[in-house]
Amino acid sequence: MARVRLRTAQETQDRTATAQPARKRRAPPGTAPGTLIPDPHAPPPTIRVIAYNANDILEVECDDPEALPEILAAWPVVWVDVVGLGNVGTIRRLGELLDLHHLSLEDVVNVHQRPKVEDYEDHLFIVMRMVDAEIATEQLSMFLGSGFVLTFQERPGDSFEPVRERLRRGRAIRERGADYLAYALTDAVVDAYFPVLEAYGESLEILREKILHDPTPPSIAEVDDTKRELLTLRRAAWPQRDMVGALMREEADGFFQDKTRPYLRDTYDHCMQIVELTESFRDLASSLSELYATLAAARSNEVMRVLTMVATIFIPLSFIAGVYGMNFDPEVSPYNMPELRWALGYPFVLFLMASVAFGLLGYFYRKGWLRRFDRPPRSKRD
Amino acid sequence: MARVRLRTAQETQDRTATAQPARKRRAPPGTAPGTLIPDPHAPPPTIRVIAYNANDILEVECDDPEALPEILAAWPVVWVDVVGLGNVGTIRRLGELLDLHHLSLEDVVNVHQRPKVEDYEDHLFIVMRMVDAEIATEQLSMFLGSGFVLTFQERPGDSFEPVRERLRRGRAIRERGADYLAYALTDAVVDAYFPVLEAYGESLEILREKILHDPTPPSIAEVDDTKRELLTLRRAAWPQRDMVGALMREEADGFFQDKTRPYLRDTYDHCMQIVELTESFRDLASSLSELYATLAAARSNEVMRVLTMVATIFIPLSFIAGVYGMNFDPEVSPYNMPELRWALGYPFVLFLMASVAFGLLGYFYRKGWLRRFDRPPRSKRD
Amino acid sequence: MARVRLRTAQETQDRTATAQPARKRRAPPGTAPGTLIPDPHAPPPTIRVIAYNANDILEVECDDPEALPEILAAWPVVWVDVVGLGNVGTIRRLGELLDLHHLSLEDVVNVHQRPKVEDYEDHLFIVMRMVDAEIATEQLSMFLGSGFVLTFQERPGDSFEPVRERLRRGRAIRERGADYLAYALTDAVVDAYFPVLEAYGESLEILREKILHDPTPPSIAEVDDTKRELLTLRRAAWPQRDMVGALMREEADGFFQDKTRPYLRDTYDHCMQIVELTESFRDLASSLSELYATLAAARSNEVMRVLTMVATIFIPLSFIAGVYGMNFDPEVSPYNMPELRWALGYPFVLFLMASVAFGLLGYFYRKGWLRRFDRPPRSKRD
Amino acid sequence: MARVRLRTAQETQDRTATAQPARKRRAPPGTAPGTLIPDPHAPPPTIRVIAYNANDILEVECDDPEALPEILAAWPVVWVDVVGLGNVGTIRRLGELLDLHHLSLEDVVNVHQRPKVEDYEDHLFIVMRMVDAEIATEQLSMFLGSGFVLTFQERPGDSFEPVRERLRRGRAIRERGADYLAYALTDAVVDAYFPVLEAYGESLEILREKILHDPTPPSIAEVDDTKRELLTLRRAAWPQRDMVGALMREEADGFFQDKTRPYLRDTYDHCMQIVELTESFRDLASSLSELYATLAAARSNEVMRVLTMVATIFIPLSFIAGVYGMNFDPEVSPYNMPELRWALGYPFVLFLMASVAFGLLGYFYRKGWLRRFDRPPRSKRD
Amino acid sequence: MARVRLRTAQETQDRTATAQPARKRRAPPGTAPGTLIPDPHAPPPTIRVIAYNANDILEVECDDPEALPEILAAWPVVWVDVVGLGNVGTIRRLGELLDLHHLSLEDVVNVHQRPKVEDYEDHLFIVMRMVDAEIATEQLSMFLGSGFVLTFQERPGDSFEPVRERLRRGRAIRERGADYLAYALTDAVVDAYFPVLEAYGESLEILREKILHDPTPPSIAEVDDTKRELLTLRRAAWPQRDMVGALMREEADGFFQDKTRPYLRDTYDHCMQIVELTESFRDLASSLSELYATLAAARSNEVMRVLTMVATIFIPLSFIAGVYGMNFDPEVSPYNMPELRWALGYPFVLFLMASVAFGLLGYFYRKGWLRRFDRPPRSKRD
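Protein chains in written order, with my numbering: chain S, 1 to 382; chain E, 383 to 764; chain P, 765 to 1146; chain U, 1147 to 1528; chain L, 1529 to 1910.
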């Protein structure tokens, strides 16, 4: 079973756990807005450009942003994919070349943004959170302008390969504009949540089996981990749904063509499903905790019962044995345990002990304490 | 008692449990929208056509979608019912013949959709989730166009037989259009939730009896199962209500005639009742868990009390017996347990023991520990 | 104390408990809408007609609906009160005579409707749930048309007697139209919730006293019963509030005169109070469960403490006694318990035991385990 | 510490507890609306009139409502303050003199109203709930008409004295109209919640200290009391906020002058703070219950551990002692406990016992059961 | 690790805990609105004026408010920063000089306001709550008028130093108006929440480690503290978000220029993140409580199991030893424990004891009670 562990890519770098999605990479309070503060640990950027028209496609990796204006002029749709945020200069230069708002560039570098969409008149700024089975949540910043899509990823590895493949092979996608590309990338990001959620579903199912068979603390620690990771996922999924909803509706006027809208509605449906699955899994995780608590208590009660049965029966018997172990000598006084002198004294005492034992068992049985444990009376309606 | 176990039909095939409604049958992230990926385990489709006008009815099972255009041309209302999604070609061909949007066809094949309604100008696409007492939730995809209703079921077995019977027998339903047929099918799907919910109601009632009489872990596992199944039901019921509400209101303009609206309002009322019952049952299931926990703890405390009473009284007595069982010889020293030499030493010790026992009982009684258990003091106001 | 037990009248007949408000009397899925399926156990209908104008009043019990048109023609306001739904023919005939929609008649017979109001152009269809201290919730279906109010009750016994009395005695109410009568009946239904809620309030108060004095399982089963009954009440109260709110606002245009509106606002206020009281009582019932759990645990801990104190002190003492009860003979070896030969051996052992006992007590006292139990240190701020 | 106990004044009279705010003083279901049913226990009314203009003020206690018209005619603003609702005649007469709606008068007498504002065209009817540290919540009914404010209090004692003082002393308030007086009274009622809430804050703080130091059942009963009282407070605070919001916004057109609005906004802010504080305190009270449960369980576990350590070590030792206390005579058979005949038999047995004891301790220590209790291993990051 | 303890500055002065944010500094109910009641413990105000235009900056500390009009006349933007609210006269005089509404001045002095924005036509009144790592929440009151920003802080120490530095150094900020300064200050206040939240994140992470390794009561008290502090933080964060949202939207028309709006949207995003982080941390804190309870119960059960195993095995053995310790003399009667006379009696008894012990172990093992503890059976799917 592949346990998924959701962390923001940032967290993975910082070696800190899921609960702190917002650590250290933030500009100090009071600094000027739009200041780009590089993360010293971020990998250096590689720029991969895919430009296409209905008939042709250009795929090139370029280190120098200065080559972009030429490509932008020559092709109807250009996708600039920047992986790694380690060089603030490159990002700033891209912003200048494409005329992007400096506030949005700050959000590109500070990779703790919630999914959102912002409309800067001549371009749309979209923030998403990508999940993948290995590295967890990573910020994807996307700019959609006229004729270009610019994406920033924190680190190599994404779920865009099928989109690239479709661009390379099919005319269908190449005949459409930059807005359709933006949709295709959004859809790829959203759909990548499903395998992760499926892994959580499986993991919860397995945990449930474990807990039903054997409620031990390690299981509960795993449940708790899952809860925390689902909390992180939920923090990404809810605003992502709102973001796609906003794209689908009014805010994106002009950027998305009408014929792309039904596709966004489809993506919105997927976002809804992701949100519902996340909430369902959170519910399931919560009920696992409860189930664990209940079953652990049941087991504890069972153990208790054994102790009680054994102790309740033997303590009085031991007391009787103790009495006849006292050193009162029947020789000394006729009142001193005359049974010791009886021919049948010992059998009598054994019989007394057996009587006490069975009496206690019978008394408890009649009070219903033993019966209830042994064989539960079935409901009459079964 | 007929325990209902709610699973999506998909899950039943996959042999996976209720918690994973979204497994494996999904297109991989990044694939082109509208791609129909067949499920290798889905049964091959059978196409059943019912065409009617006020006076006549044609009921025919046809394997070839190509026969449809002729029927559609000849009859005012045609219901095409496709059972089994195993042949993607058939589905695609039906889509072409009836001019359906390829995105909606993708949703037909990927049977994990939430109930929803989508308006594609010349046809309405409706997704519902059918429940039945045996197999659990199954996706029903319905297209309502001018003069036809096209339904896709995952597998044989539905709750439409009474509708077919009404079509065969009565003129009343045959005089109305395709929109009324769509309503009748929607209503049949919605009403099929009630027997399932009633079974849950009964099952919860029986579980409650069990728990009140005998709070054992198996009951709690059943409660947990019920909770999970109600969660699945709820995930279907809520969006189904919204879907019917959307049909009833503006979104369906043109597709439903005004005189069909009051019927949809009736169906909406039923959806509301389903949602409320589901929530009520979830509440009841939750309170069963709590009740179980409380009663199990109460039983545990009762057991504890027995142990404590027996141990508290006999431990000191055994100690006294132990003291007089020590081998100090009164012959050796006058300080060595002179009682052993007394004529009434043994009766004295027995009396001492009885005093200690009653003293303890009395002390505890006075502190109110025993009294409270024996006979609870009734509230003065009773 | 008068415990109220809330059941729908239907349930009372079926002898099933509160959790299944929707059992068996429902038409099977797929049957034609508007089909009236009689309940074989419903009592036969009696029709009671009260017709009045400002000066006069006619009160008559008639078995034949055919007599109605004449009365309707002769009097400005007619109240037709049908008690018992056992004869579907009568209901259908009444529907024809008063021109009622067949969907609403179906809702009259299927007595599981949520409170609602439906506007059928020439009449208003109102569903309410009546409670009374003895039989619990019962569906009241009311039609308000021009000049008549038609009510259907499931069974004899209602809270309308004061309204009838006002009709018989006072002109004030007789001078107003059918809308005011509908208001008066609605108000009577709503106000009948208050005594029931008061009984719950008292019952919760008494349960709280019981639990504070003696947290036993029977109390918790009663709390659970109360919770379930409040859940039923809530399921009636919430939509009832919305229904009255809808009457008060736009939906009822034409049916209610403007001068009746302030009265409906008053009824709406009462509905709000009922909803708030129900929610409050649910909160109180929940906190009773918690209180019970806490107090039961506290009592269990007290018992535990007694056991621990007794056992902790006597187990080591018994061990010492056991040691000196071993049969090592000091005659055989000088190392064999020489104390047995000492003149003060026995007092020494007794002293040893006392030291151990006090030592343990002191040790525990110093660790704060005993002290904390005996006399809780008060907060410094008291 | 001054524990506040919140009850409605009505409850205080009825000697019933906080959970039943709606007892017995309600008109029976079905009675005509507007019927004034006197509470036999309500104190007789005293009428106190304060009339003023910018220059002068008249303060008079009058028993006869008939004197009012004259005063109303002579002064621009008149405040009629009726304390005690024991005389229905007086109230009805006041209603006639000031032309008040009879439904609102019914609400004056039935002192279980939720805070609300109702617009009766020529006067505004405002219901509030007053709290004070001693007697708890009491209904204040206020009528604001042109040139007069009429208030009804259930019983003597209010928080209006500072307002009266301001009226007597300052021109500032006397220059403004009746609407400003209504605001000033509303503000006084709202601000009187703060000392009560502060007392709850303190009380919760003290309870927390108590629970942290000594989690005993009395504390939890106090927490439960506080929860119930906060529930009552909340039931008053939420609708009070809505009521002031309604005054501030559209509903009060005409009654409040524009220059009074900013003051109402201020009062609304205070209502918001009251609502937030109440919710905060409810949260705190809930977390106190949880804290109690956790700490009580922790203490119970501590006690358990002592018992286990003592019992686990001494039970095997006692068994060994018991073995050597058996009366097998080494004289009789060489197999009969030859140790009894050894010179070092007794030291050997003592050594055996010590070994067992230390062995057990060591075993448990190695399994980490003892270690974990003694000195918790600190997190590495501290 | 730097534990942050959130208190309002007021509370820190009063030496009262986090639960009482509203103590004693409030005007008594009924006092005239706008009355400024000084806090005797508030530090005396120091007034620091920063006035600037694009080219120049004046920074001066002035004790006398009378100097302000001159500065205001001479510079386009003036920031008056008042630290300390100890002198009501100064505040009132500032209000007169800048023509501020007296209700807002009252809110400046009563430092328990919720974050809010109020529009007084010629100036905007903004209340925020500042947090800092050392002293916790403090009220910041800000007035934004044409050409000036007036801020009131409760005590020295703020997060505005970077803003002052930017004012001193850069022209960028000095070229913009007072509205941009107000934004910059708001942004500094909002951003100062992040380090505090990060500290809570860390603190929760460390607490989780502690609890996983060693669930002791001190940890739970810390969790409870954290919960309470997050509650305080939340009470500040939610209305702060609404306040910034209100600034961003319509209410601030005229005060903020259009080109400042995108910056406010950025700040609003930060507020959203703060709210979400706070809620996440509250969720995490709650799940820590649950985790603690579960793990503490698990540990308790482990201890219980040890006791039960030891007691269950040794109690019957001790009983057997006790029987053979009874003083029945085989000489006296042939029935008196003839085993004592057997050559192999003692080995027989030892064997009996061993049989009982292993029999019990085996019985429990077969019932699965021991097995389950030793080695949990793994789920088959692992």
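Do not take every clue at face value.
Stated by the list, open to error - Calculated pairs, DSBU-like style, for lysine-lysine (alpha carbon to alpha carbon, straight line, at most 30 Å):
no.	chain 1	residue 1	chain 2	residue 2
1	L	LYS1787	S	LYS259
2	P	LYS1023	U	LYS1405
3	L	LYS1644	U	LYS1262
4	U	LYS1373	L	LYS1755
5	E	LYS641	S	LYS259
6	L	LYS1787	S	LYS116
7	L	LYS1644	L	LYS1787
8	S	LYS227	L	LYS1755
9	E	LYS609	P	LYS991
10	S	LYS227	E	LYS609
11	U	LYS1405	P	LYS991
12	E	LYS498	S	LYS116
13	U	LYS1405	U	LYS1262
14	U	LYS1373	P	LYS880
15	P	LYS1023	E	LYS498
16	P	LYS1023	P	LYS880
17	L	LYS1644	U	LYS1405
18	P	LYS880	E	LYS641
Don't read these hints as lab results, they were simulated from the structure.
Hints, verified against the model:
no.: 1; hint: L/LYS1787 <-> S/LYS259; in the structure: 33 Å, violated
no.: 2; hint: P/LYS1023 <-> U/LYS1405; in the structure: 33 Å, violated
no.: 3; hint: L/LYS1644 <-> U/LYS1262; in the structure: 25 Å, holds
no.: 4; hint: U/LYS1373 <-> L/LYS1755; in the structure: 18 Å, holds
no.: 5; hint: E/LYS641 <-> S/LYS259; in the structure: 33 Å, violated
no.: 6; hint: L/LYS1787 <-> S/LYS116; in the structure: 20 Å, holds
no.: 7; hint: L/LYS1644 <-> L/LYS1787; in the structure: 23 Å, holds
no.: 8; hint: S/LYS227 <-> L/LYS1755; in the structure: 18 Å, holds
no.: 9; hint: E/LYS609 <-> P/LYS991; in the structure: 18 Å, holds
no.: 10; hint: S/LYS227 <-> E/LYS609; in the structure: 18 Å, holds
no.: 11; hint: U/LYS1405 <-> P/LYS991; in the structure: 50 Å, violated
no.: 12; hint: E/LYS498 <-> S/LYS116; in the structure: 25 Å, holds
no.: 13; hint: U/LYS1405 <-> U/LYS1262; in the structure: 23 Å, holds
no.: 14; hint: U/LYS1373 <-> P/LYS880; in the structure: 35 Å, violated
no.: 15; hint: P/LYS1023 <-> E/LYS498; in the structure: 43 Å, violated
no.: 16; hint: P/LYS1023 <-> P/LYS880; in the structure: 23 Å, holds
no.: 17; hint: L/LYS1644 <-> U/LYS1405; in the structure: 20 Å, holds
no.: 18; hint: P/LYS880 <-> E/LYS641; in the structure: 20 Å, holds
In terms of the numbered hints stated before, the structure departs from hints 1, 2, 5, 11, 14, 15, listed from lowest to highest.
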